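The listed protein sequences correspond, in order, to chains G and Z.
Going by the working numbering, the residue at position 263 of the first sequence is 263; the numbering climbs one at a time, nothing skipped.
Going by the working numbering, the residue at position 91 of the second sequence is 91; the numbering climbs one at a time, nothing skipped.
Hints are computed from structural coordinates only; laboratory data are not their basis.
The structure presented is a predicted model; accordingly, all values stated were derived computationally and were not measured.
Hints should not be assumed to be uniformly reliable.
Said to hold, decoys possible - With a Cα cut of at most 27 Å, we get these calculated BS3-like pairs of lysine-lysine:
(1) Z:K197 - Z:K228
(2) Z:K6 - G:K161
(3) Z:K56 - G:K85
(4) Z:K90 - Z:K133
(5) Z:K90 - G:K161
(6) Z:K56 - Z:K125
(7) Z:K211 - Z:K56
(8) Z:K228 - Z:K201
(9) Z:K133 - G:K161
(10) Z:K133 - Z:K201
(11) Z:K6 - Z:K90
(12) G:K161 - Z:K125
(13) Z:K177 - Z:K103
(14) Z:K201 - Z:K232
(15) Z:K133 - Z:K177
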Amino acid sequence: MSDIAIFFLHGLAYAGLLFLVSSGLTLVFGMMSVLNFAHASFYMLGAYFAYWLLQITGNFWLALLISPLMLLVIGALVERFLLRKVHVLGHVHELLLTFGLAYIIDEAVKLIWGTNPHAIIISGFLAHTVNIMGVTYPVYRLFVFGVSMALGLFMWLILFKTRIGIIVRAAVEDSPMVGSLGINVPLVFMGVFSVGAALSGLAGVTAGPLLSVDPGMAGAILVDAFVVIVVGGMGSLGGAVLASFIIGELQSFGVLLFPDFSLALIYMLMAVVLVIRPEGLFGEKQ
Amino acid sequence: MILEIKDLHTYYGASHILQSVDLVLDQGELVCLLGRNGVGKSTTLKSIIGLVPPRKGSVLFNGIQLAGLDPYRIARLGVGFVPEERRIFKGLTVLENLQIGIKKAHSQTDREPWNAETIFEMFTKLGERSLQKGGHLSGGEQQMLTVARTLMGNPELILVDEPTEGLAPLVADSVLKMLGTISDSGVTILMVEQNYKAALKLARGFYIMSKGQMVFHGTGEELVAAEKIRQKYLEV
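Take these sequences, add in the hints, and give me the full structure.
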């Protein structure tokens, strides 16, 4: 019984990370029809920036705040000076650009920080354990889930209760139409792209103490995040929430129940969803 | 003169769609653009709003050059666009669809500005369904919503592309009647329409297009009298 509780909580923590990474990815795809291959590299950069900031300041909370802000700036620059320039050439060029960018970031990380894994050590109450549902559980994993829940709620409020949110949701459906109603769509693109990068960076920081900070961490989460947005429906935020939860738990219980082919489980899920509902759980039929 | 188009050329890739289009609209007019499928009527509207930027020529709106501007800038100058196929935002509520259309008030007119309340007074059906998703509306209601959404930006000029397409005759009539009411309030309207007979009751000026050029410009009486032109360019 306590095993199940522990694996369920593990699954929740990973689901939280997946949601932070995939929410930006799915919104950017919905609006710009660009699958951003560099998105997971932003996540990795977030973790490395946190590692670096922690070395300088020794304060995890500061790293948690500043690293996503650095990604916010990087995201804005990438959109403004790279992606927007190739936009007129079509989606294939945009895709290739993000692909190349992912390689550049991955190699830059190796050049600067080496190929060895680094650890982000947390201290204070985050490093403690608590008793929950009869099991002893690390506070930090609950913290990861709490951060993603809080951000998910915040994003929901922005998207469904503000004018900016209305504009973003409309642009996901039909961005040229939004533009011809007098809204500066390129600016909205830049905003969503950079906020997406910042969220991904935040996921990277929070993942740091949980997993190890190494050059392979981008590739590891990229595939899972793609599966999340395909299963949830490309462009659907609600779909990203549900699919993150399903895939987080599937990963976690897969390791417990079918350790030999736990990695194959999420691909099997994706295959089943694509056969039954090709547009994803919450996706729009084309 | 609110709109003056001169020698406008627009391409889709290599195909030369608009081949020197000229068009003039006076303040407060309702003008109808006629012609067979594929002669460039929609492209003319899309060239004005900037969705398909013209390659050559001039589009003057209140003396301001629109050619080369982004659609959002053109819209902010006071041009509204009601597209073909009723591109409402299906996942957004009726009210949210309207809120997208809000622009900073255009101060050059004395008209009472449109807002959600005045819209719901005029379009009572939309008011009743303000919290429903746009995708759940009927075709006629969706058409009303695209027009209302544009009105929320208080435009001086509205470009309307085939507003009655695919609607039942009675619904089509009410859509045209509504456009007449909007025109009476002082808004200039340029409308693309297949059915010139329906438009005769409504529009003052008519243009006919063929192969990317204007081949006729005149009043309703002149259009009725020009039987040869109608046979050649409109009737099947």
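Non-conforming hints, listed in increasing numerical order | Hints 2, 6, 10, 11 are the ones this structure does not satisfy, whereas the remaining hints hold.
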